Amino acid sequence: MEFQFTGEQEQFREFVRRFFNDTTPTTEVRRIMETESGFDESIWQRLANELSLTGISIPEAYGGSGFGTVELGIAMEEMGRCLYPSPFLASSVLAAKALEFVAGENQKAELLPAIAAGEKIATLAFLENEGAPVVTDINCTAQGSDSEFKLDGTKQFVLDATVADYFLVTAMTDKGLSLFQVDGSTAGLNINALKVIDQTRRVSRVELNNTPGELIGEEGAAQDGLEQALNIAFLALANESVGGAERLFEDTLEYTKLRRQFGRTIASFQAIKHRMTEYLLNVELAKSAAYYTAEAADIGAEDLAKLASIAKASASEAYLQAGIESIQLHGGIGFTWENNTHLWFKRAKSSEVFLGDPAWHHARMIERMVEEQAA
Amino acid sequence: MEFQFTGEQEQFREFVRRFFNDTTPTTEVRRIMETESGFDESIWQRLANELSLTGISIPEAYGGSGFGTVELGIAMEEMGRCLYPSPFLASSVLAAKALEFVAGENQKAELLPAIAAGEKIATLAFLENEGAPVVTDINCTAQGSDSEFKLDGTKQFVLDATVADYFLVTAMTDKGLSLFQVDGSTAGLNINALKVIDQTRRVSRVELNNTPGELIGEEGAAQDGLEQALNIAFLALANESVGGAERLFEDTLEYTKLRRQFGRTIASFQAIKHRMTEYLLNVELAKSAAYYTAEAADIGAEDLAKLASIAKASASEAYLQAGIESIQLHGGIGFTWENNTHLWFKRAKSSEVFLGDPAWHHARMIERMVEEQAA
Amino acid sequence: MINEQTVRKEVRAWLEEHWDPNLSLLEWRTKLTDTGWGMPDWPEEWYGKGYPPLLAAAVEEEFVRFGAVGVAKAGIRLLAGATLLEHGSEDQKKQFLRRILTGEDTWCQLFSEPGSGSDLAGSTTRTVKEGDHWIVNGQKVWTTSAHHADWGLLLARTDWDAPKHKGLTYFVIDMHQDGVVTKQLRQMNHHASFNEVFMTDAVVEAHHQVGELGQGWGVALTTLAHERRRADGLQPMASAKDTEIDRSGSIYKEERAENDVMMAPYIWYPQRAGRVDLALPRAIETGKIDDPTVVQELARLLILSSSAEWTARRARAAQQAGKPQGPEGSLGKLAASQVARAAARVHTAVSGADSMLMDEDSPRDGIIGEILISVPAVSIAGGTDEIQRNIIAERVLDMPKEARSDTGPFKDVLKN
Amino acid sequence: MINEQTVRKEVRAWLEEHWDPNLSLLEWRTKLTDTGWGMPDWPEEWYGKGYPPLLAAAVEEEFVRFGAVGVAKAGIRLLAGATLLEHGSEDQKKQFLRRILTGEDTWCQLFSEPGSGSDLAGSTTRTVKEGDHWIVNGQKVWTTSAHHADWGLLLARTDWDAPKHKGLTYFVIDMHQDGVVTKQLRQMNHHASFNEVFMTDAVVEAHHQVGELGQGWGVALTTLAHERRRADGLQPMASAKDTEIDRSGSIYKEERAENDVMMAPYIWYPQRAGRVDLALPRAIETGKIDDPTVVQELARLLILSSSAEWTARRARAAQQAGKPQGPEGSLGKLAASQVARAAARVHTAVSGADSMLMDEDSPRDGIIGEILISVPAVSIAGGTDEIQRNIIAERVLDMPKEARSDTGPFKDVLKN
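Protein chains in written order, with this note's numbering: chain Y, 1 to 375; chain V, 1 to 375; chain B, 1 to 416; chain F, 1 to 416.
Hint data in this document are derived by calculation from the structure and do not stem from the laboratory.
Since this is a predicted model, take the numbers as computed values, not measurements.
Zero decoy hints are in this set.
Cβ pair distances, simulated, as ranges: (1) LEU26/F x ASN129/V: 49 to 59 Å; (2) ILE191/Y x GLU104/B: 52 to 62 Å; (3) ARG186/B x ILE191/Y: 27 to 37 Å; (4) ASP174/F x GLN373/Y: 48 to 58 Å; (5) ASP174/F x GLU41/V: 50 to 60 Å; (6) THR26/V x ILE267/F: 21 to 31 Å; (7) GLU371/Y x GLY115/B: 56 to 66 Å; (8) ARG230/B x ASN129/V: 51 to 61 Å; (9) GLU367/Y x GLU360/F: 25 to 35 Å; (10) HIS147/F x SER185/V: 41 to 51 Å; (11) PRO281/F x GLU302/Y: 13 to 23 Å; (12) GLU17/F x VAL370/Y: 46 to 56 Å.
Which residues of chain F face chain Y? A partial, calculated answer using Cβ under 8 Å: (13) ALA299; (14) ARG300; (15) ASN390.
Glycine is no exception: its CB is placed at the ideal position from the N, C-alpha and C atoms.
Please construct the entire structure, taking both the sequences and the accompanying hints into account.
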């Protein structure tokens, strides 16, 4: 472990930050989030063409940039800072990683380049019921053989379903957990966009009713690959969250230094000073966990599952706490629509429970640690 | 519910407080806690003779004062304030209430007057293993019939065992949970005084090995009565705890107004002021729960079990928090032996886990509420 | 001799004789105002009976039991009434008090400003005398119901050379004039309960100055004291089971319609408070009651909210018994913040990923989602928790006051 | 050219030639001191080699790998050395530095006083010049190892008319004199790691004044900076697997004996920190690992402690790379407090009613009990969390400094 970013990585961060400063100021976020799709095609295309960010952690062999997880984490962190509303997590992380770890060679060669180029948007439809990110223990089924399967069931909290070109759907076959590609325009696919608290992150309920799907990888052999993909998604979401938390912290610190009450800035009140130090600690600890886990993924750490849960739980709690604290320190203005704080608060609320809430990750983490001890 | 103390109750409190101010200043607590028994016979006798406090909530028919639970709560609160080290909780609450609710008429007439008069010290030996206050699910057994039973097993965390004249011991017979009186000097009774964090509250491990015991009440019929007794014990301990917490709060507030750093009292620092208000809130909320529950017991509230768990859990957490906060606000001096704060901190630590820790009471409380909902 | 017994008897007899659920709201309230039964703790010369608070509470209780409608109390009206009663001129009392009680006028409170949310005395609304009226320029915020108020209670600066608290004057301002523009302020939970009020060369009649010039802060404290008493829930409450009373008379319909308007800004307040009542039912209906982690959080929440309720009742009991107020009376707001936050945690844990949703996709018809984005307001509205802690530390715990940086002429304070 | 490679090679070669585990500790350390290998980052004229910190760290690493004993570093010795190196006179350096490194003298730090625990500059120890020496009267506290120290670093007031920070002077005081009495201070956890030191007409030689008259605060800041660097764990660390090295030589025995004495005050420090290492094993051995409530608390603890560790390593990595220090470098103490408290909660939850017990009746041979009564010290020792928060807010977050009430002549400050 290096515990610090290389010069190249720092430059990469600067580069990405500048891109989002230019393309996605908060006014733009507000505009996009009020649109029906919640997605802006032109920024996405620039992201793909100018930065090649859509393929950042897709191997070069499949048209991506082949960067490591640390760079993916940096990109997510910067998107979290500016609250960039896009199907990046859905397509370039969840779907791309699911394909990377589950699909066969030909399928990867066929599907990944279009994701890397930002030409196709894919999403992973795997959550059911309460939305806990369990890979197995699902109700969705698929029947058929070879390339001809029919899927039945309901997927919940499917990210960016309304803008996805296709879905990667988990389902049980006779042979076990399998992954299928389902075209977004297929008949028998019912996409219900859900009303969400965080308008910058859209989810849908997707109903499959005898819907045709193409098998990805081997039948019954999707579990391990999906779990690998999820670990990357957990840490990506953690990095996004610490980016948002840090931005909230910076904005709030600045606000306390400007806002005057009783003839002095509120930053001069000791109670506020002490709270800002605890706030800082909270954010820095979560950042350390997110950074460490990204590094660990790149060196192939064996305990990545545990670390990814640590990063996700820690970032979720830190981000939500940051949101609560920031609104409070802004006072009445922090509760208004015009003030930007609530946008991050709502992302924090969404990120807290999406892909497993802290309690779920706590339990998963300790389970892994007990296994480690036993081994 | 009245939500306030009557004039008589306020006077009673004044009276009890004055007694403890006179007899049990902290210097005296320190002297007693360094003795082997941790018990001072002369104060106990004055408590019995001058205040009749040892029989405060024992019915008049059995030689007690027949006061209500509110008065018992006041007495406990005052003992908690001054940290009075004595077998009051063991003998006048746990044992007396167990007898009141389990024993037959003759046994009550025989045993309760001596407890009320402070002539005999009894204690309830019912905890096993991890010390959770479950009445059933025990390993201790009794065999025999009529007045002639032999007991086997180990009781844990037996309060004031080394000064008790006799033990009320729970054990399973063929007919179910039963209560037995076991003389403190009986052969085959092994009392191991345990090393404790809180030297003002002593507990022992008591081993019974074919030890003779006399049946109290009916064989196999002790459960309900014991649970009633425990509810009173929970709320008594809660009231004791809020007394201790309030005393810590008052002493700490006073200290912040005296202690100077950087040319001003530490009470003038906003961070300290804000923390003292949260500290106050913490203590007042727990007081309300403890007071309410005592009142509820006196009007025979049906949900007493739930309320007693609320009071116990709330008071345990508030007291511990008060201890932690008080040491912190005293700074280095608060960690020294000479300073009194640690005495209450240790009592808080002991009270947190004695008779069920907060998590145990939380679970019990919700279980009762779910039952209420279902009914 | 007047005692509770005789008063209760008297009011019941009067209601038996006069109550008619088919009167118009205005007719009935006019009757109440004229007889003094509407505000019995107000003085006899001003539409009351001069009763002590306890007797007035008994009267109110009888009204509720009887199912009789009272005088207009919703919104800022009673704060305006209480303030004018104490500080208003004879003419002002004549002009305003009666129409407050009959409900003919509605009021709003123009205290907070964008630059002085917690620091009300920091008002920079500029007020200059011109002949027999004042010209007002400035901006107010967090003003409930300003968009339909007839009159406003205005705190504004009339002297910039005086120290902060000494340069303020208190006025009544006519809200129906071109110089006063109100704009609803949208909140992060999509509601709009408050207004911004822009005053541009707005006019206040000279005889609508309340209290002495430069003494406005003292007058405002009266308004705030009544507001806090209401917020702390320390005013007597009474309730009757709805089912016991036949509410088919036309007056009830009129009252409900009035209530719907007056209460509109507050419809999300139960959600803001965290809807503790839904916590256990939700845990049961989702099956999360079997999750020990949820059980612990739920227990903490219910303990907190019960204890807060019992604490408030201790305070009320002490107040009713005429005892000096203990610390328990000032903790309600801080406790409410803790309760609401704990409730949001529990609802999130119980609802899992459904906590991402709102409106019809959120559980319980959107209530859960509304809770999650409304709770942050509890610890801010009506004085932030931070201000509350200052007040408790200084007034209840008698800890030293914060060193002030806002003394001296106010114009210099602004330059600090 | 000196680079890490060549230095490592050189030190290994030197050790190969000179290391003898059967030398006495004093003989070996004398050799280290004379050659400069003991403190390679000290200047060449003062027992060092003038290496930059990175090279010195490499040397230390080689010593550890080789299993060679270093110069005397435990206790206050290195703080004394660093302070004297920067502020001491030639004579003082000559008298003290060498015997610090060889371990012949031990030291203590006399800064804190009963009335100025967090506020070190508030010292009221009275120091008056009489001819060629100073007479010292006052009381110090929180002094580790004072009872066996040869010399003390003393901060005392020499001018009562100067402002607080300007009236202090820094001295070296001989601890072996009648005027200096030390008394061990018993703690709530039954240990006695600190001393009170009473100075009654104690004598300090005039030539043992360190730095200028009235400039003592500046000198003390040097000592404190070195202390903090050590506390933050920002000094390079090196370790070797014990098993790799044969430690049968007599010098190891002597070193262990020295360590036992020097480390005695600190034996409970691991418990003070909460013994996070025991949390999971205890949960497993008690079966509480099956209790979901415990699992949640345990997870929170382990996340907190891992994150704190990773944060410290981020800070160290940045420091080693010569980058400007980010906020992560100053958070160690606050994080440690949170970790310790969380650990106490977990140990309590896991041990249940056993948490009432201590010594041999407490689980793990009394360790659990000792944790529970030692943890409260973490957030106090070495500067309370409150002081730490002030420092971070003002220095890291650049928030305004607290208005001072302690300016002007110090004798007047005392009367405030």
